[in-house]
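Residue numbers (numbering that gives the first Met the number 0), protein chains in the order written: chain A, 0 to 256; chain B, 0 to 256.
None of these hints come from the bench; they were simulated from the model.
Worth double-checking, as some hints may not be accurate.
Stretch-level coverage of chain B by chain A, calculated; a stretch enters the list once three of its residues show a Cβ under 8 Å from a Cβ in chain A [claimed, not checked]:
1) 53 to 63
2) 82 to 92
3) 115 to 123
4) 162 to 175
5) 211 to 217
6) 242 to 254
Cβ atoms here follow ideal geometry from the backbone N, Cα and C, with glycine treated the same way.
There are 2 protein chains.
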Amino acid sequence: MSNKDNKFMPENKKTAALIIIGNEILSGRTVDKNLNFLAVGLTEMGINMEEARVVKDIEGDIIKAVNELRAKCDYVFTSGGIGPTHDDITALSIAKAFGVELYRDPVAKKLLEDHYPPEKLNAARLKMADIPKGATLLNNPVSSAPGFKMENVFVMAGVPSIMQAMFEASKEHLEGGAKMLSRMISAYITEGNIAERLGDVQYKYPDVEIGSYPYIKNERLGTSLVVRSFDKTKLDQAFAEVKSILDKDGVEVEEEA
Amino acid sequence: MSNKDNKFMPENKKTAALIIIGNEILSGRTVDKNLNFLAVGLTEMGINMEEARVVKDIEGDIIKAVNELRAKCDYVFTSGGIGPTHDDITALSIAKAFGVELYRDPVAKKLLEDHYPPEKLNAARLKMADIPKGATLLNNPVSSAPGFKMENVFVMAGVPSIMQAMFEASKEHLEGGAKMLSRMISAYITEGNIAERLGDVQYKYPDVEIGSYPYIKNERLGTSLVVRSFDKTKLDQAFAEVKSILDKDGVEVEEEA
């Protein structure tokens, strides 16, 4: 199938991965909000998220994920673990992944000095100015302690509002690629009724990615059909054929976009 | 720190990982709901989720994730990609990961025959009865097409209501381990004010995991401190010391559990 062989990928395709760092996500205490935010933001820029991982606050786990994914993707984003407490070990882990030392960045230190009154700027908070040698700061308008970019790895906070601000600051370093175009149609139909004909359309258009996503809504079964391609002409052709399957069946279309 | 060395892990600790399979999560079209549900459910059973991954509907990516994580954890769960359409390639990928063939399971076929009228049970739907040789079915009371368990890998649907039913069906095969106990206190305090003293408590109790999670609520900064341990006595001692840090600072406690 088209997905497997990546036939539809143009040469200027850009890829990314996300590493969510935090025991609290894996224990279920906290519901992650960063994956979907970043996925939507990157898709808008023409950058394709290839993989996401959630790892524990364990140095070896963070280093392994960072090194695997920075070799595989154009960009890697991390969220979580850059605060002042003992369990914030992301910056040190990134430094070790790159084989460099942490150092106290004077600009980051100044940002903290400007933000905190002197009696509040203790050793723990100053730790937030320690970044790997060779890293570039990412501005944090919410609470001043910056994120940073080390080569193609963007290190962001876990708190969603701060993560979102740091992603904004990352954008000037990101080069968008060919944009995956997308059309969608949802209908009260079950997948099994259209699966064979849908497979035929997929087979006919290897440069188009056709996804089928069942849902349950108002106690009825429905399916969203998402047609994606870097090529607008082929996208429109394939979408028209997908739609004609539904038209022939006379099913009730719920949404089209 | 305690996390890094896993000092607090008892011998009967049980571990798990989740692999979410689906382009729609990585493109941002769909918001995942399965990670948190499974994390909470496993934590309740005394099974610790060690890692989660989101991978694309690509055979090689699925096989790599399954083989890495089934070697690392006691249990692996997957969600997504077991429907009737061309992009549902999870069952075949699992079979390949284990080096076995897919076969049409007669019990699964019977379940589909009982659920669908004969004219609706087409080749695409029958594909949902194909499971890897040696697998055990997981009942699906929602829409009949079963999930399955292959050795320590539990293969579930992506639709949350069906995934949740299949997790229920999985439970009879799961052995809970030592239960991680947890106490939490949230207060309107910023992490940096307590980080050093918190680090001291963590250093004193290596068998306890102390997590610090900042949040923003009602336009105020707060921090949730989560103390976790397999050992109730040490948990209570460490929690008392954490609480005394807040008491000494006279901060407003927002929640305690």
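Contradicted hints - numbers only: As far as the earlier hints go, 4 and 6 are violated by this structure, in ascending order.
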